[in-house]
Structures are given as C-alpha cells and as structure tokens.
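Given next are the chains, with one letter for each unit.
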Amino acid sequence: MRGSIVVSGVSKRFKRSSGDKLSSFKETVLSGFRPIETHSFWALQDVSFTVQKGRSVGVVGRNGAGKSTLLRLIGGVGKPTDGTIDVHGRIGALLDLNAGLSDDLTGKENVFIAGVIAGMTRAEVRSCYDSIVTFAELEPFMEMPIRTYSSGMRMRLAFSVAAHMSPDVLLIDEVLAVGDLHFQRKCLERIATIKASGTTIFLVSHDSSQIRALCDEVLLLKQGRVITYGPTQAVMDLYEADAAPALEDRPNIAVEAERLPGGRLLQHGVNRSGSQEVQIKAVRLLHPDGGTARTIVSGGGFVVEFDLLAKRPVHSALASVTIHTRDGSPCFDTNTEIGGMNLGVLTDSVGLRLSIDRLDLAGGEYFVSMGAYLQGWQGLYDYHDRCYEFSVVGPHSGRGFMNPPSAWSRLPPASSTGKGDAGTAWHSKGAGR
Amino acid sequence: MAALPSSISFGTEGARCRAWVHARDLAYELVMRELKIRYKRSALGIAWSLLNPLSQIIILAFLFRSVLDLNIPHYASFVFVGVLAWTWFSGAVTTAAFAITSNAELVRRPGFPTYVLPLITVASNGVHFVLALPMMLVVTVLDGGRVGASLLCLPAVMAAQFAFTAGLAYFVAATHVRFRDTQHLVSIATMLAFYLTPVFYSSAVVPAQYRFLHYANPMAVLLDAYRSILMDGVWPSLVPLAGLTIASCCVLATGMLLFRRMSLSFAEEI
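As you go down the protein sequences, you meet chains A and B in turn. Letter by letter, the first sequence follows residues 1 to 433 in the numbering used here. Letter by letter, the second sequence follows residues 1 to 270 in the numbering used here.
Warning: the hint list may mix true and false statements.
[As the list claims (entries may be wrong)] Some chain B residues flagged as far from chain A (calculated, every beta-carbon gap over 12 Å):
hint	residue
1	Trp20
2	Leu26
3	Leu30
4	Ile37
5	Leu252
6	Phe266
[To be verified] Only some residues are given here: those of chain B computed to face chain A with a beta carbon under 10 Å:
hint	residue
7	Arg65
8	Asp69
9	Leu70
10	Phe112
11	Asp181
12	Arg211
Just so you know, these hints were derived from the structure itself, not from any lab. Glycine included, each C-beta is placed from N, C-alpha and C at the ideal position.
Based on the provided sequences and hints, a complete structural model is requested.
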C-alpha cells in the first residue's frame, strides 16, 4: 500500500578500516593487494517491523543504537547487509537542514536549490514559493544573500522549504523544530498537519515529549536490535525506565538466555532488559485455587506469582505487572508502590504474589510483562517484556478489551411516564448554562 | 526491492516521469548554483571562465607560430578549438573526483539521486564551452575560416563528448570515494593525454604507423570533428564519428553501471 514501510530481517554491518586513514591506491599497491585489515560491527541486527500508511512511528534508543542508520536505509541510502526494506511511495526527509544552503546566494535562490534537493521539482517549488516565504516569515529578506542571515533565519528558511514537501513517507531525524519558541510551535503544528494529511511519519528523536505527542507507535532499539515495537505509551515507559542514568547499557551481571515453560526464549536485549542485579525468576500465572492458568474465564480471578532474586542487597526495590493485549497495548498495569507494599531490604530471594479478584477482560489472548526497578523508579533491574501468555474465554466484539458485567434492556416508552419530559427539560437547561 | 539510490520503487509511469523531471531540475539548479557561486563575487564575473583558455591559446599560438613554427594554417583558430574542447574534457574529469566526496551531506540524504552529481560536473564545465562558442566563431571568421551548414551537427558532436566525458566522470567519481589518491592519478593521466591528443598539433603529422592509435583516442576524433565544423565548414567524416558515438555510449554505460554498484556504499565511505 502506498505510504507503508515494511522492514524484514534487516541487518547492517559496517566495516571500519584500521586507523582513521582513508584508503588509497598507493596503500593498496604497497600492501601487495592484501585486503587491508578491517574490523566490522553490526549497526543493525535482524530488525523487522511494519508501518501502515498514515501511522507515525518514533524510534528511540541511545546514541549508537542504530536509529539513524535505520532511517537512512529506509530512505534508500545504502543497502542492508541482510534482509529487505520496502517503502511504497515518495520519500521526503527532514534532516541536515543546512545541507545545500549557499552563503553567497540570495534567499530566493536558496529556496529553489533547497527545494529540489528536498525532492521537489522546480514547478512545485514555484507554486508554493509564496507559502514557503510566508511560513518562514522572511518576506523582506528574500533578495539578500543568506550570509547576511542569522542562524535562526537560515534554519527557518530551510525548515520552511522542507516542510512544504508532500511525500508519502516523511523521514525526520531530530529536526522537528527550529528557531525561537514561537517558530518551534509553528514547526510542530506543521508536522501535525502533515501527519493529519495521511503522510506516514518515521521520526528519530531523543525528545520523549515530542515522540509521545506525535507518534502512534514506537520502536525501541538497543545496540542495533529491536527491544520492542508497540504503542507509544507502553514503549516509552519502558524506554524511560531503561534510559535512567543509574542504568548501565549492558547487564552488570552475565545473564544467559533461558527457555521458559511454554517454549518461549527469554533473552537479554530481545525481550529482557535491565541490569540484572535483581532478577525475576519462576513466573507463575495461576487460578485463585493455585492451579496453572493457561486459560481463564472472563471475570474470573487471576494470580501472578514470581520470585525476585537479588544478587546483592538492594533497598526498596519496586515491582510491576502489566497485562497487554495481543498488539501490545497495556490493559492493566500495577506495581508495588500503587499496591502500598514496601519490599524493604532485599538480600536474597523473595516471592511476590499479585492477586486480581476479577479480571474483566474480553475474550482473547493476552500477555503479561513484569519488571523490577530501583528505588524510586531510578532504573531497571529486570524486565520481561510480554513473555507470558494466557487466554481469556468470554464474549468479544472485536474491539475493546474490557468485559465488565453488563446487561442490555429496553426502556419503557417515553410518553407513558413523565421521565422522558424531565430528561428533555434537564437537557435544555444544561445547554442553556 | 533493490534499494537503488536514485528511485525507490516508484511503480507507476507518472511517478517515474516525475523522477526524471526532478533529476533534470536538480541538475539545472545545482549547475546554476555552481556557476553563480563561482562568479557572483568577482568583478569580471563569467568572463573569468574565458580567461583561462584564452591565456593558454595566446601562449600556444605564440609558441607554435613564432618560436617553433608548426606550419598549420589558421593556427589561432586551430588551437582555439582544440583548447576549448580539451578544457571542457579535462576540467570535467579532474573535478569529477570530488563530485561525491565533497557532497557528503547530499549523498547521505534519503531520496537524493546521487547519479546526478557527476553529470553536474560535466555540465557545468560544458557551460563554459557553450559560452565561448560565439567568440570562437568570431575568431574563426576573422582568421579566414569558413563556417557553414555543418554547424548543424555541432550539437551531435557535443553530445558525443558529453557522453564520453560523463562515462569517465562516473568512473572517476566512484573510484575516488574508495581510493582518495584517484585525483592525483587523474591529473597525471589528463596531462599525458593532453600531449597524446592533437590539441596544439595537427593529426596530419601523426606518423602512419601510429594512425590507428590516434583513431583509438576519442578526444582526437572529437577534435578533428570540431575543426571540420568550426574551421573548414565541412561535414565531419562520418565513420570515425559513428564509431566514437558507439564507444562513448559504451563508456557511459560501463561508468554508470560501476557507479551504481559502488554507490550503495558511498554513504558509509565518505
């Protein structure tokens, strides 16, 4: 479909020649045509996801997580070492705004150059030239060489040109807003308009608030791998917990992949994250009577039990449990802080139980995630992302995930009682207020 | 889908047509930018582009008419034609080395058609040739040369030179990304080629046993054709020119293929 992005199994390896010298014929000849020693690293590994037309997807992750590499590969710059990328429709990019601006040329000349570089034809630039100038608020300066512009004016001009593209897929790398506060707000409004017009947006940013404001889904990358891809709220919570300064990039304690009962592989960096100083062990999904709950009846009780194993004594750790729908949206999220439980000093192992009296979920399949966090949510010890699965038997309309006790009934005819009149009277009164 | 740098699965005919229009507009704007930047802040402006070949012409004309007489009739216009066409060629090929490496931010840009960049170096050098043409005609006429209907095939000869030069430009631009001493090799090679090509001497003096080598040199064939048109007012000889056109197309196709293969790794190597 036009405007969609399909990335499947993409890996990208970069070769770095030893030393920072650029290669030359001379060197190649002198080294007797032996291949110059290189070491390579994987910038992306086995990345797969799909973006539907008109969705906006944010990419988060630390520096070097592979965000920009992914963005450029999607833009057709370079070729993945492995896997395929399908982008349907015209691509536009909002990045490196300064690229292609020439100091000695006038604002007007630069609009045309930046426009064609951004992917517009000259006719297209001409037709929205006035709009570009008005948006940039630079009407009086267009005949002046831009070496006389302030850096803010240059950025406004460049952003304004780039924001007038009408691509099917818009790739944005960090430059969502430029200039002063007033202009930044204008930039964000413009992006929102582009999004509303049905353009698919792929946004790389470090600014959590912008991602939360603009994105439908978020892709969390870590060292070139997809940690998780799902609804903004859920992924950003995980990212922010993970990105807390106390947390090391790698687990402090070596951790091997575990095979969970049910066959799923629990692997650090894939569906497990955190420093591992406290580990979540032996997760049990149970019926209230203690039997293993692979399937529950809608409205029935549900118990989650797990052990926390501390590798060193920790203070006031926190634990959370989240129930997700199949597509990753959280439907229930709670933690020991909400539950008023203080874990105190954790020295060895402690078992925790979360009893849910009734789980009024619609029929379907659900996943459970759980996490163990540092005191005051300062960082993440361990997180099992949607590793545990159970199903709910019950009515399901295809939308929504709640199934509280509910009943339909027919109201008595309105004319036979005064009730209907009273309702109308109340409504008109309400409108009058 | 192969992630080509030029177009990302445009699919429909209209989109492909649009991509061509865009590439043309892009080339136009970037050539104009290069010319404007070069001449905007100089008093003489675009006239500078003529001074370099002019000085060379004056030196050569003095040298080979007054000092070491080569006995070539209408030597001023003879050397004028040679130097102008040669300057276009050698200027384009030597600056092509930087077509990719000095435009890193454009090459790394999603959706940017990288293949336009070497064409821009050839075209902006070609602009100087075109601008000098009227002056060349004036000199020819003053020098007693004849100009006639054969001028009509000048664009075809220029197109052949464009194709040949562009093929080499693709090759040089792509190679320079991998091997940064390509620029030095290219300037040495063009200097050697300058003496192997009848720029300031006539192809008539080439000994018969080397004549085949002479015809294997596309620039020699091109210069002969230019001189037939601009000095003698006759149609250039068809067979070498047809061979040249075919050879130019082959060079261009090879250069583009190589460029396309190597362009996939440009972004990470510059």
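Do the hints match the structure? See the list:
1. Here Trp20 (chain B) does not stay apart from chain A, with its beta-carbon only about 10 Å from theirs, under the 12 Å limit.
2. Remark: the non-interface label on Leu26 (chain B) conflicts with the geometry, its nearest Cβ contact in chain A lying 4 Å away (cut-off 12 Å).
3. Separation of Leu30 (chain B) from chain A is inadequate, the least Cβ-Cβ distance of about 7 Å not exceeding the 12 Å criterion.
4. With a least CB separation of 6 Å from chain A, Ile37 (chain B) falls inside the 12 Å interface cut-off, contrary to its annotation.
5. With a closest Cβ-Cβ approach of about 23 Å to chain A, Leu252 (chain B) is found to remain outside the 12 Å limit, as its non-interface label requires.
6. Its closest Cβ contact with chain A, about 8 Å, brings Phe266 (chain B) to no more than 12 Å, contrary to its assignment away from the interface.
7. Residue-level restraint check for Arg65 (chain B) is violated (minimum Cβ-Cβ distance to chain A is 40 Å; threshold 10 Å).
8. The restraint placing Asp69 (chain B) at the interface with chain A is violated, with a minimum CB-CB distance near 41 Å, outside the 10 Å limit.
9. With a least beta-carbon distance of about 37 Å to chain A, the hint placing Leu70 (chain B) at the interface is violated under the 10 Å criterion.
10. At about 7 Å, the closest approach between the beta carbon of Phe112 (chain B) and any beta carbon in chain A falls short of 10 Å, and the interface hint on this residue holds.
11. With a cut of 10 Å, the hint placing Asp181 (chain B) at the interface with chain A holds, because the nearest CB-to-CB distance is about 4 Å.
12. Look at Arg211 (chain B): its Cβ only gets to about 33 Å from chain A, farther than 10 Å, so that hint breaks.
The structure fails hints 1, 2, 3, 4, 6, 7, 8, 9, 12 (numbered hints given earlier, in ascending order).
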